[in-house]
Structure formats: structure tokens, C-alpha cells
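I would like the entire structure built from these sequences, with the hints used as guidance.
If you read the protein sequences in the order shown, they are chains A and B.
FYI, the numbering for the first sequence is 1 to 798, going by our numbering.
FYI, the numbering for the second sequence is 1 to 366, going by our numbering.
I should point out that these hints are in silico values taken from the structure, not numbers from a laboratory.
Keep in mind that this is a model prediction, so the values were computed, not measured.
Backbone N, C-alpha and C define an ideal beta-carbon position, used for all residues, glycine too.
Just so you know, not all the hints are guaranteed correct.
Simulated restraints on C-beta separations [unchecked claim]:
(1) B/Pro169 - A/Asn208: 47 to 55 Å
(2) A/Val599 - B/Thr214: 37 to 45 Å
(3) B/Leu361 - A/Arg797: 41 to 49 Å
(4) A/Leu632 - B/Lys149: 43 to 51 Å
(5) A/Arg666 - B/Leu361: 49 to 57 Å
(6) B/Asp77 - A/Arg797: 53 to 61 Å
(7) B/Ile360 - A/Arg666: 47 to 55 Å
(8) A/Val397 - B/Ser305: 54 to 62 Å
(9) A/Lys702 - B/Ile84: 21 to 29 Å
Simulated pairs of lysine-lysine, DSSO-like, Cα-Cα distance not exceeding 27 Å [as the list claims (entries may be wrong)]:
(10) A/Lys235 - A/Lys9
(11) A/Lys769 - A/Lys731
(12) A/Lys340 - B/Lys149
(13) A/Lys735 - A/Lys615
(14) A/Lys2 - B/Lys330
(15) B/Lys156 - A/Lys404
(16) B/Lys313 - A/Lys404
(17) A/Lys97 - B/Lys283
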Amino acid sequence: MKFTISWLKRHLDINVDVEDIVKRLTMLGFEVESFDDFLTSLDGFVIGQVIEVIPHPNADSLQLCRVSIGSETLQIVCGATNVKIGLKVAVALPGSKIPATSKVLKKSNVRGIESQAMMCSDRELLIGENNFGIIELPSNAAVGERLSKALDPMIDVNITPNRTDCFCVRGIARDLEAAGIGKLRPLLLEPLKNTFASPINVSFDFPNTMNNACYLFAGRVIRGLHNGESPTWLKDLLNAVGLHSISALVDITNYFTLDLARPLHVFDASKLSGNIIVRSARSGEIFVALNGKEYELEYEMTVIADDIGPQSLAGVIGGDFTKVSSDTTDVFLESAYFDKFRTADTGKKLKIDNDTCRCFERGIDPNLVIDGMELATRMIIELCGGEASEPIIVGAVPSINNNKEIKFYPYLVEQLCGVTISENIMLQKLEALGCTIRKVKNFYLVMPPYWRTDLKIEQDLVEEITRLHGYENIPTVALPRPETLSPIVTTLQRRISWIRRNLAARGLVETVTWSFMSSDLASMFGEINPSLKLINPISSNLDLMRPSVLANLVIAVGHNAEHGLKNVALFELGPEFHGDREEDQKLVVSGIRSGHAVVRHWAETVRSVDIFDVKADIFDSIVASGGSIEGLHVIIDAPCWYHPGRSGTIKLGSNIIAVFGEIHPRILDSLDIKELVVGFELYIDALPSLRTRTNKNRTLLKISPLQAIERDFAFVVDNSVSADAVIRAAKSVDKALISDIILFDLYKDSSIGNDKKSLGIQVTIQPTKKTLTEIEIEEIATRINNAVNKATGGMLRK
Amino acid sequence: MDKLEDIIKNVELLIDNSLQTISKIKNLDELEHIRVSTLGKRGSISILMGLICGFSSNDARKKIGLTLNDAKITISDAINVRKIILEEQILNERLGYEQIDITLPVRNERVGRIHPISQTIDEVIAIFGQMGFILAEGPDIENDENNFKALNFPDKHPARRMFDTFFLPGKRNDSQLLLRTHTSTVQVRTMLIQNPPIRIISPGRVYRRDFDMTHTPMFNQVEGLVIEKTINMSHLKGCLIEFVKTYFEIHSVPVRFRPSFFPFTEPSAEVDIGCLRNNGELKIGLGTDWLEILGCGMVHPEVLSNCNIDPSKYQGFAFGMGIERIAMLKYGIPDLRNFFCSDLRWLKHYGFMPLDIPTILGGLSR
Chain A
1 MKFTISWLKR
11 HLDINVDVED
21 IVKRLTMLGF
31 EVESFDDFLT
41 SLDGFVIGQV
51 IEVIPHPNAD
61 SLQLCRVSIG
71 SETLQIVCGA
81 TNVKIGLKVA
91 VALPGSKIPA
101 TSKVLKKSNV
111 RGIESQAMMC
121 SDRELLIGEN
131 NFGIIELPSN
141 AAVGERLSKA
151 LDPMIDVNIT
161 PNRTDCFCVR
171 GIARDLEAAG
181 IGKLRPLLLE
191 PLKNTFASPI
201 NVSFDFPNTM
211 NNACYLFAGR
221 VIRGLHNGES
231 PTWLKDLLNA
241 VGLHSISALV
251 DITNYFTLDL
261 ARPLHVFDAS
271 KLSGNIIVRS
281 ARSGEIFVAL
291 NGKEYELEYE
301 MTVIADDIGP
311 QSLAGVIGGD
321 FTKVSSDTTD
331 VFLESAYFDK
341 FRTADTGKKL
351 KIDNDTCRCF
361 ERGIDPNLVI
371 DGMELATRMI
381 IELCGGEASE
391 PIIVGAVPSI
401 NNNKEIKFYP
411 YLVEQLCGVT
421 ISENIMLQKL
431 EALGCTIRKV
441 KNFYLVMPPY
451 WRTDLKIEQD
461 LVEEITRLHG
471 YENIPTVALP
481 RPETLSPIVT
491 TLQRRISWIR
501 RNLAARGLVE
511 TVTWSFMSSD
521 LASMFGEINP
531 SLKLINPISS
541 NLDLMRPSVL
551 ANLVIAVGHN
561 AEHGLKNVAL
571 FELGPEFHGD
581 REEDQKLVVS
591 GIRSGHAVVR
601 HWAETVRSVD
611 IFDVKADIFD
621 SIVASGGSIE
631 GLHVIIDAPC
641 WYHPGRSGTI
651 KLGSNIIAVF
661 GEIHPRILDS
671 LDIKELVVGF
681 ELYIDALPSL
691 RTRTNKNRTL
701 LKISPLQAIE
711 RDFAFVVDNS
721 VSADAVIRAA
731 KSVDKALISD
741 IILFDLYKDS
751 SIGNDKKSLG
761 IQVTIQPTKK
771 TLTEIEIEEI
781 ATRINNAVNK
791 ATGGMLRK
Chain B
1 MDKLEDIIKN
11 VELLIDNSLQ
21 TISKIKNLDE
31 LEHIRVSTLG
41 KRGSISILMG
51 LICGFSSNDA
61 RKKIGLTLND
71 AKITISDAIN
81 VRKIILEEQI
91 LNERLGYEQI
101 DITLPVRNER
111 VGRIHPISQT
121 IDEVIAIFGQ
131 MGFILAEGPD
141 IENDENNFKA
151 LNFPDKHPAR
161 RMFDTFFLPG
171 KRNDSQLLLR
181 THTSTVQVRT
191 MLIQNPPIRI
201 ISPGRVYRRD
211 FDMTHTPMFN
221 QVEGLVIEKT
231 INMSHLKGCL
241 IEFVKTYFEI
251 HSVPVRFRPS
261 FFPFTEPSAE
271 VDIGCLRNNG
281 ELKIGLGTDW
291 LEILGCGMVH
301 PEVLSNCNID
311 PSKYQGFAFG
321 MGIERIAMLK
331 YGIPDLRNFF
341 CSDLRWLKHY
351 GFMPLDIPTI
361 LGGLSR
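Structure, rendered in C-alpha cells:
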């Protein structure tokens with residue numbers, strides 16, 4: 001919310017600098033988003049007064065002015081047309097920095113005449129848009145003083161939603177007074193003399209379901225006025241907070257919306273037909289608002305209608321037909337208390353969001369319905385002339401004050417905030433806020449003022465007391481530490497960290513992508529689950545909770561390729577959603593590699609990424625995170641987004657631990673990705689959980705003193721036989737003696753048959769008890785040969 | 001019969017000749033040849049030794065023997081010395097032609113990076129961990145109950161306007177499903193299943209329907225919660241001031257608590273840190289400007305009751321802050337939106353080395 005210091009001073013007698021007010025507001029809970037720091041930005045600017053204006057001898061468009069700045073009189077050459085004798089002006093002295101240009105002003109020579117300083121416009125000082133002429137300061141500005149003293153700095157504060165009482169200048173003034181800053185001025189509330197009966201009558205016509213749509217409606221006719229321009233002070237106030245001046249009447253209603261959070265509306269009385277009826281809109285009724293837009297109304301929206309139809313949408317926006325213009329002479333002024341929920345709903349349904357609407361939604365001051373009308377009438381007559389009818393009041397001031405007495409034990413302040421404040425001071429602060437207090441035994445009953453609807457419980461009072469006392473006065477005490485520190489992460493959280501850092505060490509770059517994606521993309525990566533479609537997505541590209549992390553990474557490959565980065569290795573560790581139940585959220589680490597695994601290099605051969613890169617990523621992740629790859633089996637079967645012949649599933653028993661493969665060429669093609677892309681998805685939740693062992697002893701290492709023997713075999717098998725089957729068959733011969741098997745060769749050639757391949761394995765035999773004889777070794781070799789032959793049909797290559 | 005003197009002369013001649021030849025030899029084969037022809041079984045020394053039979057006097061025999069033995073040693077030494085020299089020469093020659101250009105580039109080994117979000121979360125965990133906060137987690141898809149109602153946001157409450165929420169079609173426990181707008185949901189979950197004392201932090205993804213220069217529809221938060229019997233706002237100040245100083249690694253950074261509003265805390269505060277803004281550059285810990293970094297407060301008694309904790313026995317504080325925000329501030333990362341763009345150039349520049357594991361004692365960051 002924006003206001004200026006002079007606006008604040010209309011409600012509050014204070015004598016403090018803007019810096020002080022900013023500081024106090026902030027520490028009272030009104031976060032200052034910005035303010036005009038003229039003291040800093042306009043250092044070196046002073047208030048001057050023009051004492052002589054003569055034509056420049058060498059230029060028709062320039063004037064030669066003598067300007068007093070108190071201590072001396074300066075000669076200034078000026079081109080502004082509004083310069084005149086007696087005018088108080090903003091003078092930039094040599095050495096000062098002009099805010100709009102950031103240039104330091106120097107004495108200069110303009111067409112042969114020395115100009116010792118400069119008179120500035122709003123725009124040059126960045127305090128307004130006006131660049132037409134020089135600033136005309138108020139006539140009471142003190143010549144010679146710093147310019148900042150004659151300006152009205154704007155402050156923009158952020159009001160928290162609980163402080164519904166502070167969305168207006170008076171509310172802020174009232175809170176400042178409670179904090180001991182200044183004295184609140186009373187509102188001028190004597191009723192006006194009214195000279196005639198209102199020619200327009202008001203009645204309610206609501207169905208039973210809308211009993212509370214309008215509690216109270218106050219209005220009156222003001223006739224014989226002139227709706228001209230607003231006076232400068234009003235224009236300046238509205239301009240300063242970003243509102244354009246429209247006409248005196250409109251400016252006055254805008255002023256009261258910001259000043260008292262009292263929205264008002266003025267109808268051009270000459271355009272109203274008959275009496276006013278406050279009623280429910282008829283379904284489908286068309287209403288043209290003063291913004292020129294047509295709205296189709298719904299039943300149970302509240303309208304202010306005349307004999308012809310709706311002329312205003314209650315609390316939301318006025319009508320186009322009855323809006324005031326410069327020709328308006330008679331008006332009907334409306335000040336009402338409409339239901340806040342209904343007003344907010346209407347605004348939301350019709351997508352109208354303005355100050356008025358927001359005022360009602362927050363809740364307006366019920367005591368200001370009639371007073372507000374009186375205050376506005378007074379200002380209208382003051383600025384526009386005319387005479388006021390007697391007021392018309394329908395309904396009654398709503399008793400919406402639900403505030404209750406709060407039981408308050410003073411010790412709670414110290415218990416909750418750790419700060420010692422004397423009981424007297426606490427009570428003083430509550431009273432300053434407008435609370436009434438009764439002492440009962442060892443506690444108090446505190447009744448908050450009607451405007452503080454946010455004060456409901458004892459803790460609210462504690463906050464008020466500490467807020468006014470100052471949070472800076474709460475001591476700082478170290479949080480007591482636990483006696484012994486123990487792990488703060490679970491084994492799962494720990495292994496996630498291992499997996500993350502291990503993959504990064506393997507050369508993959510971690511990324512974080514949206515948890516949502518487009519349904520179109522997701523449909524390439526499995527079936528769409530309608531329960532995961534967002535009702536209100538931010539865009540159609542992000543309309544579904546992602547069933548796949550991998551899909552986002554594939555997209556990322558495409559984005560990087562567009563920048564010429566084709567060798568991509570990325571991974572993400574995060575959630576996947578397979579349904580809307582809690583257990584359907586799975587933790588997945590997914591990785592992707594594209595382009596070349598080995599790039600052009602003098603010592604290496606170029607190699608594309610392949611599925612064995614990502615298969616290794618999976619195995620290495622499992623091992624690095626404390627798991628074991630023993631017992632895992634790799635199955636030739638993978639989800640549809642992988643190349644059917646170049647993908648696999650890694651299982652432990654019947655549990656799927658991971659899937660990997662080349663991304664299906666059809667998907668790459670539809671995403672316009674040219675590079676080969678391989679990826680993997682490791683389901684971290686599916687990994688067998690790690691046990692934290694209390695006994696940290698490792699099993700004893702037994703190193704055999706006996707020499708290990710290595711033997712090579714080459715088996716010719718059918719192409720369909722998996723390498724894994726050959727290795728497992730060989731290993732099964734003697735699990736105790738055979739310590740390791742390496743597959744070192746894969747050979748295909750027509751000489752061994754087109755449907756055949758040769759697999760070379762190196763078997764390491766580690767004797768455990770005694771050195772093996774040549775005969776014993778031969779016997780093991782024969783058994784390996786037989787076992788592989790039996791399991792796979794493989795024959796030793798000749 | 002040769003005279004003794006002649007023999008001695010011949011030996012001296014042999015020595016002279018041999019030493020001269022040896023000193024000129026250029027390769028090991030020739031050297032071996034000389035060794036055989038002088039010191040071998042049928043070599044010159046052996047032949048001369050045969051002449052010893054022609055002498056009967058012991059003195060003469062002895063003299064010849066000694067002379068030849070000396071000659072053998074002298075020549076053998078010369079051969080050995082020459083051999084060492086030649087071997088040295090050969091090695092040097094080999095080292096010469098084996099020289100390679102050591103400025104050639106090494107084989108490519110890719111090193112990945114840790115995303116700034118993960119790194120920052122690890123830093124936050126390291127700091128709060130040593131204050132005894134346990135890591136807790138909760139799901140991203142939540143219901144209205146846990147995200148709003150239990151946290152004291154009644155239906156239609158204007159405070160719900162603070163967040164623009166994403167909704168899903170279904171319900172859980174009869175309550176509308178949505179994407180959590182804050183990690184405060186984990187407070188609720190933890191308090192429902194655990195009795196005090198409670199001390200948790202909970203980092204994770206949160207979602208708000210907002211997308212512009214400074215907002216993304218998804219970002220990360222970390223929530224903190226302490227529920228004990230006597231924990232009050234002065235501890236909240238102590239805890240968070242310690243966090244800010246440790247995290248930014250600036251001991252003198254000014255920290256300011258000012259009143260604010262959150263439905264689930266009472267009293268509530270926002271925390272600002274001192275900084276200096278100069279031509280778009282931001283220096284933390286200097287100057288007179290303030291920068292908001294987190295929200296906090298004493299847990300609202302309504303929230304405690306909603307989570308089956310007796311507010312007359314227990315109290316405590318909660319806080320929440322944006323991970324990306326504190327990462328941007330500490331590491332000078334300019335644009336929030338880039339955190340989620342998967343651009344390798346950005347990830348490699350702002351990312352962290354895999355083994356840069358933040359710890360308090362080892363140093364939080366480089």
C-alpha cells in the first residue's frame with residue numbers, strides 16, 4: 001500500500017523524518033517495500049525563489065533569471081515557460097548529481113551568459129512524470145532549505161493479510177499512534193446541514209438466500225455541483241500513489257478508498273430512472289461497467305439497479321451509463337456494507353480485481369458506512385460546490401464484531417518470547433492499541449477494539465506486546481544442543497547422497513527439472529494417469545505430474561543440442577508420480593548420455609555412448625550406495641520408451657530395480673533429436689534397504705598364500721545365447737575355486753557361422769587349500785567346458 | 001726359451017695394447033670380443049700363462065704368475081669400466097629417442113557437477129544437523145488438510161491468497177488434493193506421528209502458480225521445527241542468527257527480526273540480513289540495506305492442537321526459507337529460472353565438484 005508523508009500527516013500529528021518512519025513501520029510489521037529517499041538522492045538541491053526574469057539577450061526561447069537561495073542570489077538561464085517571479089523552485093547547485101541523467105552539474109555558459117545553477121523538473125529529479133516545466137514548489141517552502149524538506153516522499157508498505165484494519169492511511173496512522181509515534185487526529189464528523197429531501201429512494205429486494213448480501217446502505221443526493229479538476233493537493237496525493245486524476249468526484253471516491261478503506265460510488269443522478277433497488281442480479285442480465293466491458297451477471301450477484309436495470313455491481317465496479325462526467329451537476333452518493341464473501345466471489349467470477357473489491361474482501365469498518373458518506377459529502381461540497389439532501393439509510397450497522405474477551409496471563413510474554421516486560425508496560429501497550437482491560441484474580445480479560453478482528457487468542461496479545469516493545473529487544477539465546485550428536489539422516493537419505501555424488505564423479509552433471517511436464521510428452525513414456533492432471537496448470541506444457549524423470553532429461557538433451565552441446569551426460573534425482581496416493585510417489589535417479597562417450601583425441605578412438613555406459617551407471621550407483629550387485633539379474637525386457645533390442649531390466653527376485661537402454665528412435669525422431677541417446681532409471685525405493693549394523697567389525701580378510709591360475713576359453717555359441725548364461729554356467733562349476741570370470745572377447749565372423757558368435761572368457765581359479773596339480777586344473781577346465789556346453793550349447797572354438 | 005724379461009715385456013705390451021683398444025671400443029659386442037680374446041680360456045693371458053712351464057725357478061714362476069694376474073685385473077677392470085660407460089651411452093641414446101611431447105593433452109575424463117540446489121541443501125543440513133535437527137520428508141502431492149487446514153488456514157481465509165495453489169482432481173482422506181505450497185506440511189506430518197521433543201528440518205520441492213522473473217512454479221524450501229517445553233523466541237533468534245552467520249560464512253553479518261504474519265505461527269517474524277546494493281551488485285554483510293531471507297515464528301497453539309500436541313505443555317518455533325534464494329545470495333547466481341533449464345553451460349559454471357561435501361569442521365564451501 002502506498003501513501004505519502006503529507007497524506008499520513010492528514011491523520012497523524014508527527015514530527016519525524018521519513019527515515020525514522022520507515023524504520024518504525026518496518027519494526028512494527030509493515031514491511032517497507034520502497035520509499036523516496038530524497039535526503040540521499042537530492043543531496044545538493046535547495047529551495048529557491050525566482051526574484052527576477054528578463055529575456056536572454058542572445059536567445060528568444062531562453063530567460064535569464066535571478067534566483068535567491070537565501071544565502072546568495074544566483075544567475076540561472078532557464079527555458080521553462082512556467083518560470084515567473086515569486087515562484088519557489090528546485091535548484092540544483094554545481095556538484096549535485098541530476099538523478100535522471102546521473103550527471104554532475106557544472107556551472108556553464110549558455111549563449112554567452114553564465115548559468116550558475118539549474119532549476120529542475122519532476123522528471124529530472126525522478127519524482128514524477130512531468131517534464132513540461134520546472135517544479136512549482138508550495139508557496140510556504142522555506143527558501144535556502146534542502147529541497148527534500150519541500151517534497152512529499154512516498155512510502156510503499158506491504159500489509160500482511162491479518163491486518164485488515166491497516167489497508168488504509170488512517171489504519172496505519174492509528175497503529176503508529178499505538179506505538180507511541182505521533183497523535184491521531186479525530187475525524188471531522190459533525191453532520192452536514194441538509195436542505196432538502198432526497199428525490200431518490202432506496203429499497204432492498206433480496207431472496208431469502210441472500211439475507212446478508214447488503215447489511216447497510218447509505219446514500220444521498222448532492223445537487224448543483226460542478227465536477228471540475230481536483231485541486232493540486234488531491235491530484236498530487238493520488239499521483240504519488242500511482243493513480244491518475246480523472247475528475248474531482250472520481251478522485252474523491254478513490255481518495256476515500258485509500259484513506260479510510262471506505263469505497264464509495266457516485267452515480268450521475270440525472271441518468272438514474274426512478275428509485276434505487278439493491279437486489280440480486282437476474283441470471284444472464286447484461287451489465288456494462290465503467291471500464292467499457294460487458295458482463296453477463298449471475299443470480300445472487302448483488303447489483304444496484306434503477307427502473308431500467310443494474311447501474312452498478314455492488315462493491316465491485318460502477319456502471320457505464322450512470323458514471324459521472326464533466327457535465328454532471330447532480331449525483332447520488334453511495335456508501336454501503338456489502339457481504340465480503342459475495343463481493344469477493346463476484347469479483348473473482350468476473351475477473352475484476354480492483355481496490356474497491358479488495359477492500360470489501362478484507363472487511364471494511366462498519367462504523368464508517370454513514371461517517372464515510374458524511375466525510376465524502378463534505379469534501380464534495382468543498383471541492384465541487386452544491387448542496388446535500390438528507391441522507392437515506394436502509395438497513396442497520398451490522399453487529400459483525402465477533403471479538404471476544406481474551407484471557408491473558410502476563411507471564412506468557414516471557415514464556416513465549418523470552419523477554420521480560422513489566423506488567424504495567426504490557427497493559428499500557430494493549431490500551432494504546434484500543435483494548436479494554438479488566439483484572440480478574442491473577443489474569444486479565446482483554447477486549448480488543450472492534451477493528452482488530454485478528455486478535456483472538458492470548459498469543460495474539462503476546463505478539464502485539466512484543467511487536468510494540470520491539471523484536472530487537474528480545475534477547476538472543478543459543479539453542480541448547482543435544483548432549484550427544486547422532487546421525488540426523490536415515491540410511492536411505494544417506495545412500496541418496498552417495499548415489500548423487502558418485503554419479504557426478506562418474507561424469508554426469510546433476511540437473512533439476514520441473515515435477516510437471518506436458519501430457520503429450522508423458523504419453524510417449526507410458527500411459528497418462530488422469531488423476532495426475534493439474535486442474536489449473538500454469539501452461540499446457542506443464543499440465544501433468546511427471547510419471548517419468550527420464551522424459552524431462554530427453555528434452556534437456558534436445559535443448560542442449562540446440563546450443564551445439566551434443567555430448568550430454570545429465571542425471572536427476574527426484575520424485576516420479578504414478579498415481580495420486582502417497583505411496584505412488586517414487587524416488588528415482590535417472591540419467592542420460594548422448595553423443596560421444598569418447599570424443600576425438602590423439603590417443604583414443606572415438607566412441608559413441610552405448611547402453612553399457614548407463615548399465616555401468618546403475619551398477620556403480622548400487623555399489624556406491626552400499627548395495628550389492630550379487631543376485632541381480634539382467635532381463636531382456638524393458639518399457640516401451642526404450643529400443644526393444646537395446647534395453648534391459650535389472651531385477652532382484654521379482655522386484656524391478658532399474659531399467660536402461662537406448663531411447664526409442666521413434667521418440668527421438670518426434671522430439672527432433674538427432675543424437676543417439678541412452679538412459680537409465682534406477683528406483684531407489686526398490687533397492688533392498690541397508691541395515692545399520694551395531695557391530696562395525698568387518699569379516700576377516702583371508703588372503704590365500706597360493707598362486708591363482710588363469711585359463712582362457714573361447715566358446716562358439718548361437719547369437720541368441722546371452723553372455724551372462726555362459727558366465728553363469730562356467731561359474732557354477734565350482735563357486736569356491738573359481739574366484740573371477742572376465743569376458744574379454746566378442747567375435748563374429750562368417751568363418752564360425754553367421755548365426756554364431758565367439759565369446760572369450762578368462763577364468764581365475766584360486767586354490768584354497770593346496771596348489772592344484774596340472775591334472776586337477778585340466779579336470780576343472782573340462783568341467784567348465786561341459787557345463788557351458790550343457791547350458792548354452794557352446795563349443796570350444798578350434 | 002724366452003727370457004723372463006721378454007715375457008714380462010710381452011705382458012706389458014699386451015696390457016698397453018688392450019687398454020688402448022678397449023678405450024676405443026664403441027659397442028658391447030666388440031668389448032665382449034676383446035674380453036674373450038684377452039681374458040678367455042684361449043685368450044692372450046692364458047697363452048702367456050702356458051709359458052710358465054718353461055721356468056723351473058720358483059721365483060721366476062711366481063713373478064710371471066703375479067705379473068699375469070695383475071695384467072688380468074687391469075684389463076678386466078678396464079673392460080668393466082668401458083662396459084659401464086657404453087651401457088650409460090646406450091641408455092642415454094635410448095632415453096633420447098624415446099622422448100615424447102609431454103604437452104599433448106591427457107585423455108578426456110568427464111567430471112560431473114552437483115546442482116546448486118543439492119549443494120545448498122547439504123550445507124543447510126550440515127549446519128542444522130550439528131544443532132540436532134533430524135532430516136524429515138513428506139510427499140509433494142498433499143491434501144488441503146495438511147497444507148492449509150491443520151496449519152490454521154481456514155477455508156476462504158484471505159491468507160490463502162498468499163499462495164496460488166495447484167490443484168489435482170482427487171481427494172485424500174476426504175480432503176482436496178493439491179501440490180504443497182510449502183514444506184510446512186512436514187511439520188504437520190511429523191507432529192502427528194511423533195511426540196515432543198521434536199527437532200526437524202525438511203527440505204523439498206514446493207509449488208506455487210506463479211511464473212515470472214523472480215518466481216518459478218516449482219522451487220525448493222527448507223522447513224525447520226522445534227517443539228519442546230521451554231523453547232521460546234529468544235532461542236529462535238539464537239538458532240537463526242547462528243544459521244545465517246554459518247551459512248554465509250560472514251561472522252559480522254547483521255540480522256534483523258521484524259514482525260510479520262503467518263497463519264501457523266504467533267508471534268511471527270521475518271528475518272532480514274544486512275547487505276549493500278551497488279549498481280546491481282549485492283554484498284552481504286556490508287552496508288545499510290536489508291534483504292529478506294526467511295520467515296519464522298512461534299508455532300500457533302491451534303497448529304499444535306490440530307496435531308494432537310497439548311499447547312499448554314509444549315511450545316516451539318518453526319521457520320522456512322527458499323533454497324534457491326539463499327543459494328543465489330551466497331553464490332551470486334543472477335536468474336532463478338536458470339536453476340531448472342538443464343543448460344550444461346549453466347550447470348557446469350554454477351555447479352559444484354562431486355567431492356565438495358559441505359561440513360562444518362571441514363569448511364562449508366570453498
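Evaluation of the provided hints:
In this structure the hint that B/Pro169 and A/Asn208 lie 47 to 55 Å apart at CB is violated, the actual value being about 34 Å. Taking 37 to 45 Å as the suggested C-beta distance range, the pair A/Val599 and B/Thr214 conforms, at roughly 38 Å. Here the CB-CB span from B/Leu361 to A/Arg797 is close to 59 Å, at odds with the stated 41 to 49 Å. A hinted range of 43 to 51 Å for the beta carbons of A/Leu632 and B/Lys149 is consistent with their spacing of about 45 Å.
For the pair A/Arg666 and B/Leu361, the beta carbons lie near 53 Å from each other, so the given range of 49 to 57 Å is met. Take B/Asp77 and A/Arg797: their Cβ atoms lie about 59 Å apart, and the range 53 to 61 Å holds. Range check, B/Ile360 to A/Arg666: Cβ separation about 51 Å, and the 47 to 55 Å hint holds. Range check, A/Val397 to B/Ser305: about 35 Å between beta-carbon atoms, so the 54 to 62 Å window is missed.
A C-beta distance of roughly 47 Å is found between A/Lys702 and B/Ile84, which places it outside the suggested range of 21 to 29 Å. For the given pair, A/Lys235 sits about 17 Å from A/Lys9 by alpha-carbon distance, which is consistent with the 27 Å threshold. Of the supplied pair hints, the one linking A/Lys769 and A/Lys731 holds, its CA atoms being roughly 19 Å apart against a limit of 27 Å. Restraint check for A/Lys340 and B/Lys149: satisfied, since their Cα atoms lie roughly 21 Å apart, inside the 27 Å limit.
Proximity of A/Lys735 to A/Lys615 is assessed by CA-CA distance (about 25 Å); at most 27 Å being required, the pair is judged to hold. Taking the CA atoms of A/Lys2 and B/Lys330, the gap is near 31 Å; set against the 27 Å cutoff, the hint is violated. With a C-alpha separation of about 22 Å, the suggested pair B/Lys156 and A/Lys404 falls inside the 27 Å cut-off, and the hint holds. Proposed proximity of B/Lys313 and A/Lys404 is supported: the alpha carbons are some 24 Å apart, at most 27 Å.
Note on A/Lys97 and B/Lys283: the hinted pairing holds, with a Cα-Cα distance of about 24 Å set against a maximum of 27 Å.
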